[in-house]
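Peer 1: Model the full structure from these sequences, guided by the hints.
2 protein chains.
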Amino acid sequence: MGEHTVTSFDDDLGHIDQLIRDMGDLAGAMVAAATRSLLQNDTALAQRVISDDVVMDARQRELDDRAITLIAKRQPMAQDLRSVVGAIRMAADLERIGDLAKNIAKRVNAVGEGSAPRGLSHSIDTMAQMVMDQVGAVIAAYEARDAKNLVSLREDDEKIDVQYTAVFRELLTYMMEDPRNITACTHLLFCAKNLERIGDHVTNIAENAYYIVTGQQLPLNRPKLDETSVTVDSE
Amino acid sequence: MGEHTVTSFDDDLGHIDQLIRDMGDLAGAMVAAATRSLLQNDTALAQRVISDDVVMDARQRELDDRAITLIAKRQPMAQDLRSVVGAIRMAADLERIGDLAKNIAKRVNAVGEGSAPRGLSHSIDTMAQMVMDQVGAVIAAYEARDAKNLVSLREDDEKIDVQYTAVFRELLTYMMEDPRNITACTHLLFCAKNLERIGDHVTNIAENAYYIVTGQQLPLNRPKLDETSVTVDSE
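Chains as they are written, first to last, in full-length UniProt numbering: chain A, 1 to 235; chain B, 1 to 235.
Keep in mind that the hints were calculated from the coordinates and are not lab data. All values reported here derive from a predicted model rather than from experimental measurement. Yeah, the Cβ is synthetic: ideal placement off N, Cα and C, and Gly gets one too. Just to be clear, a hint being listed does not mean it is correct.
Distance ranges between label pairs, derived from CB positions [to be verified]:
(1) A:Pro179 - B:Arg118: 21 to 29 Å
(2) A:His122 - B:Ala29: 41 to 49 Å
(3) A:Gln79 - B:Gly14: 53 to 61 Å
Stretch-level coverage of chain B by chain A, calculated; a stretch enters the list once three of its residues show a Cβ under 8 Å from a Cβ in chain A [stated by the list, open to error]:
(4) 61 to 74
(5) 78 to 92
(6) 179 to 186
(7) 189 to 197
Peer 2: So this is what it looks like as C-alpha cells:
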C-alpha cells in the first residue's frame, strides 16, 4: 500500500474524527441546555435543545455514510477497520445522548415552574454537572488516545450512579410528603434517569474508544443501568 | 469475484444471521420471563433473566468479532458491506433489549408481592405482549427480507407508546390514591418505560433491517422515546 493511499485513509479518518468531536461538543451543549431549561423552567431554551437534536441526527447519518464509504473504498485492515467501526459505534452513543437530552427538554412544560425545591434542584444540577464533565472528558481522552484515562472514566460512572440514587430517594420522599408533587416529580425522576443513562452511554463510548486505541476489549464488568432497585430493596 | 468466494462470504454472513436469530429469540424470551417474574413476583425466574443477559452480551461480542473478521478478510463491497454493518447495529439493539429486560427483572424484589392491582397488572401485561410480538415480528421480517413489513413494524411502535401512556396514567393515579404505593409504583413506572424503550429498539432494528434489505434509509421521522411529557402537558 503506497504512502499516498495511507495518507488519504488518514485524511478520511480525520474527517470522521472531526464529526465525532462535533457530535461530542453538541452532546455536551445539549445536556447543559436541557438541564438549565429544566431547572429554570426556560421553555425557549428547551425548544432549542429539541431543534439541536435534528442536527445531531444529521451528523450521525453523515458519519455513518462517510464511514461506510471509507470501508468500501479503502478496504482497511485490522487496526484501521477497528477505528472506523468504533467511530460508527461512538456516533450511535452520542446520538442517543442527544435523544436523552431532548427528552429532558420535552419534560420542561410538564414539570412546570417552582416544582423542584432548592435542595432537589441542587442535587439534579450536581448530577448534570458530573454527566457533562464525563461527556467532555471522554471525547478529550479519545482525541488524546489516552487508554488509561478511558479506563478511569468508565469507573467514574459509578459516582453518577451514586448521585442518581440520592436524587431518586429525594424524589420519593418529596412525592410521599405531598401527592400534589407526584406528577412533576415523576417527570423529574425520568430526567434524572436520563442523566444516569447518558452516563452509561459515556461508559460505552469509553469502551469503544479503548478498543480503538488499544485493540483490546475491556472486561465485561462495566457498570450497567441503575441500581436503585437493589438499593431500595436493601433498605 | 469467483463463485467460490461469493459462497464463502454468504456462509460467513449466514453465521452472522444465525446469531441475529439466536439473539432475537433470546431477547423475546427474556422480555417474556422478565414480565412474568414481575407480575407474579417470581424471584427465581427474575434471577434467570439476569443470567441470560450474560449469554446475550457474549453473543453480541461473538457477532461483532465475526463481523469485523468478515470485513477484514473478504473486503465486501456496497451491498454486502451494508449487510455486515447493519448486523452489527441490530446486535447492539438486541443487546440493549436484553439489558432492559434484566433491569425489569432486577426490580422484582423492589416492587414486591401484590403491589400491582389487577387492572394495572393487566395493562402492563398487555403492553409486554405487544412488545414481545414486535420483537418476534421484526426478526421474522428481517429473515424474510420483507421491506414492507419492516416499514409497518416501525409504525406499529406507536401503539406501544399509546399503551405506555395509559399505564403511566394508571400508575400516577395509584400513587396519588395512597402514598404507600409510591415506591413500588415508581419501579413499575420504570418497568413500563423499559418496555416502551424496547419498542424503540425494535424500531431501530426495523430501520437497520430495511437498510440492509433495500439499500435505502427510511425517512428520519421515526417515533422516538415517550410522549407522556406532552400528554401530561396537554391535560
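Peer 1: Next step is simple, just say for each hint if it's right about the structure.
Peer 2: Verification of the hints:
Checked against the given bound of 21 to 29 Å, the beta carbons of A:Pro179 and B:Arg118, roughly 22 Å apart, stay inside it. At about 43 Å, the beta-carbon gap between A:His122 and B:Ala29 stays in the expected band of 41 to 49 Å. Between A:Gln79 and B:Gly14 the CB atoms are about 27 Å apart, so this pair departs from the stated range of 53 to 61 Å. Here the region 61 to 74 of chain B counts 4 residues with a CB under 8 Å from a CB of chain A, which clears the bar of 3, and the coverage holds.
For the region 78 to 92 of chain B, the assignment as covered by chain A holds, since 7 residues bring a beta-carbon within under 8 Å of that chain's beta-carbons and 3 suffice. Residues of the region 179 to 186 of chain B lying with their CB closer than 8 Å to a CB of chain A number 4, which satisfies the three-residue condition for coverage. Counting residues of the region 189 to 197 of chain B whose CB falls under 8 Å from any CB of chain A gives 3; the rule of at least 3 is met.
The structure does not agree with numbered hint 3 stated previously, though it agrees with all others.
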